[in-house]
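2 protein chains.
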Amino acid sequence: MIKLPQLVKTQFLSVQDVATLINRMGLETVFKGMASYIREDYLRWQDFEKCARVANHSTDGVIELMPISDAKTYAFKYVNGHPKNTAIGLPCVMAFGVLADVDTGIPEFMSELTLSTALRTAAMSAVAAQVLARPDSKCMALIGNGAQSEFQALAFHYLLGIEEIRLYDTDPQATAKLLANLQSSGLRLTVCDSVAEAVRGANIVTTVTADKTNAAILTLNHIEPGMHINGVGGDCPGKTELHPDVLRASSVFVEYEPQTRIEGDLQHLPADFAVTELWQVLAGQTPGRSHAKEITLFDSVGFALQDYSALRFMRDAAIELGLGQVVSLIPELVNPKDLFVLLQPDSHATPAPLMNKTSQTAARRTLIQEVVLTA
Amino acid sequence: MIKLPQLVKTQFLSVQDVATLINRMGLETVFKGMASYIREDYLRWQDFEKCARVANHSTDGVIELMPISDAKTYAFKYVNGHPKNTAIGLPCVMAFGVLADVDTGIPEFMSELTLSTALRTAAMSAVAAQVLARPDSKCMALIGNGAQSEFQALAFHYLLGIEEIRLYDTDPQATAKLLANLQSSGLRLTVCDSVAEAVRGANIVTTVTADKTNAAILTLNHIEPGMHINGVGGDCPGKTELHPDVLRASSVFVEYEPQTRIEGDLQHLPADFAVTELWQVLAGQTPGRSHAKEITLFDSVGFALQDYSALRFMRDAAIELGLGQVVSLIPELVNPKDLFVLLQPDSHATPAPLMNKTSQTAARRTLIQEVVLTA
Chain R
850 MIKLPQLVKT QFLSVQDVAT LINRMGLETV FKGMASYIRE DYLRWQDFEK
900 CARVANHSTD GVIELMPISD AKTYAFKYVN GHPKNTAIGL PCVMAFGVLA
950 DVDTGIPEFM SELTLSTALR TAAMSAVAAQ VLARPDSKCM ALIGNGAQSE
1000 FQALAFHYLL GIEEIRLYDT DPQATAKLLA NLQSSGLRLT VCDSVAEAVR
1050 GANIVTTVTA DKTNAAILTL NHIEPGMHIN GVGGDCPGKT ELHPDVLRAS
1100 SVFVEYEPQT RIEGDLQHLP ADFAVTELWQ VLAGQTPGRS HAKEITLFDS
1150 VGFALQDYSA LRFMRDAAIE LGLGQVVSLI PELVNPKDLF VLLQPDSHAT
1200 PAPLMNKTSQ TAARRTLIQE VVLTA
Chain W
850 MIKLPQLVKT QFLSVQDVAT LINRMGLETV FKGMASYIRE DYLRWQDFEK
900 CARVANHSTD GVIELMPISD AKTYAFKYVN GHPKNTAIGL PCVMAFGVLA
950 DVDTGIPEFM SELTLSTALR TAAMSAVAAQ VLARPDSKCM ALIGNGAQSE
1000 FQALAFHYLL GIEEIRLYDT DPQATAKLLA NLQSSGLRLT VCDSVAEAVR
1050 GANIVTTVTA DKTNAAILTL NHIEPGMHIN GVGGDCPGKT ELHPDVLRAS
1100 SVFVEYEPQT RIEGDLQHLP ADFAVTELWQ VLAGQTPGRS HAKEITLFDS
1150 VGFALQDYSA LRFMRDAAIE LGLGQVVSLI PELVNPKDLF VLLQPDSHAT
1200 PAPLMNKTSQ TAARRTLIQE VVLTA
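Chains R and W, in that order, give the protein sequences. Quick note on the numbering used here: the first sequence kicks off at 850 and runs consecutively. Quick note on the numbering used here: the second sequence kicks off at 850 and runs consecutively.
Bound-form chain R, shown alone (with noise of 0.2 Å):
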């Protein structure tokens, strides 16, 4: 008797499929469920094959590859980074992102990441801030008002209790944006008119600025005791926001050291200046925040780790809500070893391009039969 084909679906989530769940499902919800898909993955941090991401450099931007593994499942994602793409009416970050089978190398899932990314950095951001701001931490400066800015603000709003936001953006209309889109979100918003005026006083503050160029945001003039500095737009060789000595009056927290050294903040300080991987913290093998006029930094970078996460959560969520479709990426075959019967005009070996549930399991049926008549 002939073997029955396996089943090689590849699941897809649109950027609308997405917007959808996130509306479904609520934005809190969605933060509180990514961070925990985060702290999960990082509490088995030795379970994963890790690498720097693969970064392809270009005049004006970057395009990355990041993949990670543990035994079972296997993630990677495309991102790019282009500073000057919102000058063209585009997004400076484009992302999406694939899950697959480690045993067999089915790619199972695949799903937008632009929309994600922006939730997976604010969810890690609030993760890292839960063990390295201070507790009664109420009040965050946000410096770079741009596509990433909201997420950071509700992130931190879900996740730590921030209750007001201190706005700076060279750009008063990506700061009226960010106004205007959170208006309605129960958080205090005040509108500063420097980089000095937004981050006096603050518990918390986060650098999400997306120039590629070496900048100095925050210098230490900025830095009040016992702040946390959640640096998020310092994430490619020659694109930094932070000065050398923010670092150096810190205590420095990182995702993965070796892709951090490369791109963070943390590439203008020498190879053996001390940083602290952050699962360590989250597994209570290294304390986070020690005393209350510590100064703590989280230098991020965005690491594959959050990613797996992040796709993680949304095939589980989509799987709940019944949103996506499936897309024929992969051959079903028969015979695994004839490929070349594709190219027979009259073959059923892959089912029809695009087709909702219904139809992928009418066509299987037909399929299925067909095997069985014939073995």
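Be aware that a few hints might be false.
Identical copies look the same in the list; a pair holds intra-copy or inter-copy alike.
[What the hints assert, rightly or not] With a cut-off of at most 30 Å between alpha-carbon atoms, the simulated DSSO-like pairs for lysine-lysine come out as follows:
no. : residue 1 : residue 2
1   : Lys1061   : Lys858
2   : Lys1061   : Lys1142
3   : Lys1142   : Lys921
4   : Lys858    : Lys987
5   : Lys987    : Lys933
6   : Lys1142   : Lys987
7   : Lys933    : Lys1061
8   : Lys899    : Lys987
9   : Lys921    : Lys987
10  : Lys1142   : Lys933
11  : Lys933    : Lys921
12  : Lys858    : Lys933
13  : Lys858    : Lys1142
14  : Lys899    : Lys881
15  : Lys881    : Lys921
16  : Lys1061   : Lys921
17  : Lys881    : Lys987
18  : Lys881    : Lys933
19  : Lys881    : Lys1142
20  : Lys921    : Lys858
By construction, these hints were calculated from the structure, which means they are not laboratory data.
Using the hints provided, position chain W relative to the given structure of chain R.
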């Protein structure tokens, strides 16, 4: 006036689309087109930012990402290698890939690459054999009659004028399948009982087996003066096909030396064993075959540049034939700094998840009208 949104379209080519494309163009035209794209790209070898592929290994397989870029276009392929997959009804090798715009990072084109990888691997083998095999070659031994074998046979038929193929596989059903698939190809097909019988008197020997073991399918006693060996199946650490003495007796040509040293049959030879990169031969900088009795060997592992060429060919051919569809992989934003707007329930900032070209154009027209009206 508000800037009109940029077009962020990803054209998607499914398995069925690629099968249709090949059937409409004809396999001979596709092979010739793909070979010509590969040659064209190899002739500008220095234009590319190259790296060895990034592999995540597991017990039974590997998942790899293969990026490459020039100043204009970035390409990557996702591909697995799981030799045991056939036992559970799945292909050993499954793949898909993307072309992106280097200036903006937009992933403009996504295609299945399982079928396309079989095509491009065979086209690459033929491109190499055109400069390495004896010009009077008429007979090829084909060791391994699995999923890739028909493609190798036909590429050599169409591009080199091979008239007879001598077949051997440890699995007689694989050979029977090949015979059935190529019965009306015009090739003379001879089934052999052993590697030695298949190889005897052949001008070209193609090995395309799949086991993840260090095999020695071809040994020195099989080799005759003047042969060209096209070693395709040894492409991973611990997955080889040729006895090291076969390499020692040959002039060895490779795609990209740093990758082949890790993955090719070359992995069993010392780091200073001399090899020639194929682009040098294609560019006329180094001779290929220098005399009729020389044994030439193409230690092919599959390099990202061939996938760049294959994706380019598939994109151009799909445009010509009007195949494929638009997928919503990347959000389209009226204000590129406003990603958050996608979470407004009445957002028109992104098109419906999957639509044909007509409704895509209609949706865009609506969007653009709205922008103009509110400007």
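>> Checking each numbered hint in turn, tell me which of them this model violates, lowest number first.
In response: 2, 3, 4, 5, 8, 9, 10, 13, 18
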